[in-house]
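Each chain, letter by letter, is given below.
Number of protein chains: 2
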Amino acid sequence: MVDIKENFTSHIIDLQAKNCKSIEKIDKKSKFKKENWKRPGGGGGITMVLENGNIFEKAAINTSIVHGKLTKLLKQKMSTEFSNFYACGISIIIHPTNPFIPTIHSNFRYFEIYDNKKRINEAWFGGGIDLTPYYINKNDIIFFHTFLKQKCDKYDINFYNKFKSQCDQYFYNHHRKEARGVGGIFYDYLGKGDKKNWKNLMNFQKEISSSFLKIYLPIVNNNKSLFYTESQKYWQELRRGRYVEFNLIHDKGTHFGIQTNGRIESIFVSLPPKVRWDYNFIPEQNSKEQELINILKNPVKWI
Amino acid sequence: MVDIKENFTSHIIDLQAKNCKSIEKIDKKSKFKKENWKRPGGGGGITMVLENGNIFEKAAINTSIVHGKLTKLLKQKMSTEFSNFYACGISIIIHPTNPFIPTIHSNFRYFEIYDNKKRINEAWFGGGIDLTPYYINKNDIIFFHTFLKQKCDKYDINFYNKFKSQCDQYFYNHHRKEARGVGGIFYDYLGKGDKKNWKNLMNFQKEISSSFLKIYLPIVNNNKSLFYTESQKYWQELRRGRYVEFNLIHDKGTHFGIQTNGRIESIFVSLPPKVRWDYNFIPEQNSKEQELINILKNPVKWI
Chain Z
1 MVDIKENFTS HIIDLQAKNC KSIEKIDKKS KFKKENWKRP GGGGGITMVL
51 ENGNIFEKAA INTSIVHGKL TKLLKQKMST EFSNFYACGI SIIIHPTNPF
101 IPTIHSNFRY FEIYDNKKRI NEAWFGGGID LTPYYINKND IIFFHTFLKQ
151 KCDKYDINFY NKFKSQCDQY FYNHHRKEAR GVGGIFYDYL GKGDKKNWKN
201 LMNFQKEISS SFLKIYLPIV NNNKSLFYTE SQKYWQELRR GRYVEFNLIH
251 DKGTHFGIQT NGRIESIFVS LPPKVRWDYN FIPEQNSKEQ ELINILKNPV
301 KWI
Chain P
1001 MVDIKENFTS HIIDLQAKNC KSIEKIDKKS KFKKENWKRP GGGGGITMVL
1051 ENGNIFEKAA INTSIVHGKL TKLLKQKMST EFSNFYACGI SIIIHPTNPF
1101 IPTIHSNFRY FEIYDNKKRI NEAWFGGGID LTPYYINKND IIFFHTFLKQ
1151 KCDKYDINFY NKFKSQCDQY FYNHHRKEAR GVGGIFYDYL GKGDKKNWKN
1201 LMNFQKEISS SFLKIYLPIV NNNKSLFYTE SQKYWQELRR GRYVEFNLIH
1251 DKGTHFGIQT NGRIESIFVS LPPKVRWDYN FIPEQNSKEQ ELINILKNPV
1301 KWI
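Line by line, the protein sequences are chains Z and P.
Residue 208 in our numbering sits at position 208 of the first sequence, and the numbers go up by one each step.
Add 1000 to the 1-based position in the second sequence for our numbering, that's all there is to it.
Keep in mind that the hints are not guaranteed to be accurate.
To be verified - Examples of chain Z residues toward chain P, derived with CB under 8 Å:
| no. | residue |
| --- | --- |
| 1 | G42 |
| 2 | I46 |
| 3 | V49 |
| 4 | Y172 |
| 5 | H175 |
| 6 | E178 |
| 7 | V244 |
| 8 | E265 |
| 9 | P273 |
| 10 | K274 |
| 11 | V275 |
| 12 | R276 |
| 13 | Y279 |
It should be emphasised that the hints constitute simulated quantities derived from the structure, not laboratory data.
We treat Cβ as the ideally placed atom computed from N, Cα and C, and that holds for glycine.
Could you build the full structure based on these sequences and the hints that come with them?
Structure, rendered in structure tokens:
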């Protein structure tokens, strides 16, 4: 499986460069700042951040390629007896300026664990892509889910339903009893213990991760010119608070990053730029804001 | 110890009303909104919140009086075999508008655990008060710590040093390797297993909790008229991000509230009203902003 590691690692590096270029082209105002960082325990990453753009208030496209020793806690979580690991991944988080454009998050990663003789003991893919709107535009959401289903179906007819429900379960603010957003797909340990199917799974992982622009840009273009009021911007900033709550309280990626001494500024680059917490803000009955809450309280089968 | 429970419970209710009145009087613009809430498992609380004030951007003064069953996890944390509990407490969190006034947090609580025959098995006080400035004003900080030391010394000559160092340890953003603020005092399990000293400890707990206005208002008055720039306000909003990080990642009170199905809006009322996360913001060399960071990286012995 050595070529999977090399193949997927170079794939995410190419993808990062390509996505950054396209995002800059659309934004027309801000440019990505690049930062190479090293992880004390082994490896490092490239953090690319665009701030105060025209369309994108904050966009982060990060890769990390890390290796070293798992802590006891992580070994337990991954139910492995071995502690040498290699992990590489790309993550994209975009917080748009206009509250009618949803926030998007995606992450695609590959993981290897080595036995005491430095042979691969286990390997798997993880990933996902999900949408967090501030206002509900049903056509956009159906387009998003349909696109994902079509990609999934090419590889395994069971993928979409399984990964969609895992996404709803994962991106859930338990303490609020509401979903973070309108979902998408989410999977982990894909291919673990299954050596035959690797080529197919790698193709799936590469195709789905390469689809980011094709799935997000139509949604950006549909909404980027919509007029919004100050109170709609205010609502977006309040809802971004829920995004922060999820990332800091529940997100395993954030906790993994902290526990492996990842670079904090690269982990927290996912946090929205401007956020509000008002006490007990309750939207008006039958408002567009209330419509969002209703949908987040009861996850929808979009297709 | 029945009279301690009743005595301290009525003390916090009085204190809440008194503190709200004084805060409104100084603010001169906004009033507290009052909300009574019930906890499904037993008890409830009174949440008092003032927003968009003249001097106070958000001020919350909450009491809660809850009882019921501890979860397994909480029993482990409190190392008790019994699960019936009673807890009452007052917490105050004030986020001022002017970045030259520090944020203040305080919490004073009393806890009882009952054996299978509903007799008190254990009881203790917990509490603390700490300051989170955005700019360093050494005189204010020294006044704050001196005041606390004098109050502590009246009851036990060892209290201040012990509680000061516990405060530095507790209010620490491990993932940033920096303190949340400039400390104060923090203690828990005070009086646990020590039945002789109860009267003295209750007097301490009542006196220190009653000191809130006397310790904070002079600091407010010293700084409330200072002129501040937009970029100083920006700095305050960035630093408030660290406050959110502490409360959501590390704070035991937040986690206790979530785990006991506390009312989320009453728990999260401690979060600042307007917050920013910029990527890797680094203050200028030798600036006032850098001075704050230097102090938070190396906790100071203020007196």
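Original post:
For which of the previously enumerated hints does the structure constitute a violation, in increasing order of number?
Top reply: When the structure is compared with the hints, numbers 1, 2, 4, 6 turn out to be violated.
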